[in-house]
Amino acid sequence: MSLQEKTRVVLLACGSFNPITNMHLRMFELARDHLEDTGRYRVVKGIISPVGDSYKKKGLIEVRHRLEMARLATLNSDWITVDDWESQQPEWVETAKVVRHHADLISSENNSDDVDTVVCGKRRKLEQNTIICQSSSNINTKEDSPHLNLLCGADVLESFGVKDLWKPEDIEEIVGRYGVACITRCGSDPEKFINQSDVLYKHRKNIHMVREWVTNEISATHVRRALRRGQSVRYLLPDPVVRYIQEHSLYSVESEQKNANAILAPFQRYTSSN
Amino acid sequence: MAGRIPLVLLACGSFNPITHQHMRLFELARDHMHQTGLYRVVGGIVSPVGDNYGKQGLVVSKHRLAMARLALQSSDWVSVDDWESQQADWTETVVTMRYHYDCIAAQYHNSKDPPTASDVPQLKLLCGADFMDTFKIPGLWRDDHVEEVVGRFGLVCVSRGSLQPDRAIHESDLLSRHSQRIFLVREWVHNEISATEVRRALRRGQSVKYLLPDSVIDYIREHNLYTQDSEMKNKDVKLRPLTMQTIQD
Chain U
3 MSLQEKTRVV LLACGSFNPI TNMHLRMFEL ARDHLEDTGR YRVVKGIISP VGDSYKKKGL
63 IEVRHRLEMA RLATLNSDWI TVDDWESQQP EWVETAKVVR HHADLISSEN NSDDVDTVVC
123 GKRRKLEQNT IICQSSSNIN TKEDSPHLNL LCGADVLESF GVKDLWKPED IEEIVGRYGV
183 ACITRCGSDP EKFINQSDVL YKHRKNIHMV REWVTNEISA THVRRALRRG QSVRYLLPDP
243 VVRYIQEHSL YSVESEQKNA NAILAPFQRY TSSN
Chain G
456 MAGRIPLVLL ACGSFNPITH QHMRLFELAR DHMHQTGLYR VVGGIVSPVG DNYGKQGLVV
516 SKHRLAMARL ALQSSDWVSV DDWESQQADW TETVVTMRYH YDCIAAQYHN SKDPPTASDV
576 PQLKLLCGAD FMDTFKIPGL WRDDHVEEVV GRFGLVCVSR GSLQPDRAIH ESDLLSRHSQ
636 RIFLVREWVH NEISATEVRR ALRRGQSVKY LLPDSVIDYI REHNLYTQDS EMKNKDVKLR
696 PLTMQTIQD
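Chains as they are written, first to last, in my numbering: chain U, 3 to 276; chain G, 456 to 704.
In case anyone wonders, no lab produced these hints; they're calculated from the structure.
No false leads were slipped in.
For lysine to any residue, the following SDA-like pairs were computed, each having C-alpha atoms within a straight-line distance of at most 20 Å:
(1) G:LYS664 to U:THR83
(2) G:LYS664 to U:VAL216
(3) U:LYS8 to G:GLN661
(4) U:LYS207 to U:ARG42
Source: prediction; values computed, not measured.
Chain U with its partners taken away, still in its complex shape (with noise of 0.2 Å):
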């Protein structure tokens, strides 16, 4: 009988991070749980990649502030970690190549692991202390590299829809070649956005569905607003967070105004090219 092997998993979340919430860290903690329950998974890593500037969001502000604010954020995680590749592209980068990014950064990772993977395998059935067979084809010289998982909230995976936000092959990569861990509300039904659609539907096995039983809006947007009014926002971020935009005075009624006259990069890339 051999071992049943848990498929290693990796959640990327992809956003403008403006600024980061409990909310934003709790989708990690809650797809975590909901993988690792099914039995199947293991998630090993959790990373957060904010968008650059060039995105031209209304309201972004400038992506040094945003990934300091995820690093303090995370410093109590012994699991997500902050990365800061996208941000340092030039122009802006498609979630679909972000996605193949850590993909092949995480699958060379992998492959250069080879010999501790061998030491590994071995110090695991001494300690196990179990009789199985012992034919060298069942200790694994590579491990399968770890899946990696777009991880969002519903209203991505439904602006999927959105008419020139997505090219559709990025679609067909991120779901059919890898993978997505939705958060979904409780009241919404996740089921029936991926049935209307072919390309979600032809994918379904790789879309997990994350139940968020208890309502947790905490949005950016709000905290943004809370913010120029002058109210506080402690509880609703980590301290370090709220600590550092109180020493750096962001998120005004400027900083709002910000890119308010741009155009999205996407809407850019693509409507340009028709």
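Given chain U's structure and the hints, the job is docking chain G onto it.
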């Protein structure tokens, strides 16, 4: 903020355990009361209920107090008070309010500058919208107590979810009469994280990170609080206020 009425906000409840939601109540209430232009919030008090309350799943007050203290360590204006939980029997909210008001007034009168009556801080009860609905549960509140809590002191009530506290006021003659002493604070962020949900997640081995401070989560793990067993505590026990009121009739 010259000329404003100083105000202390008192929150009574199980705090089983304390969560970010509880702490948000204070932040929202303070902002709201400042916004009225009439008040200057000078303090906040978390007063966990005593073990004799008999609510199902209530862990011992020693733990609830410790967790609240950990959570509020970094707060410069809200503190935890154990008077209520140290009383021999369950204490009516109005009694707790009278105690704290007397403390505040005594503190004030003992201070150096000669006080004027209007400068003694007011004390108001801070609560969530669900609390407003409890006024109509038969036997839970004495009418004269509600009169005093609302009429003499005042309420600051933070809305949550789809609960409509203004409806609760409308449906009660007593509350309607004192509507000007009830401040309704809208929480626009739809956030239904409750201590009940936190306990449920903990029982199921699910993460509660970012719903309460890390220090409280560590404490819960260290002491193995909130299990199937702990939720069964007081299962067949009647809530103390309900047994107390009938005795007095």
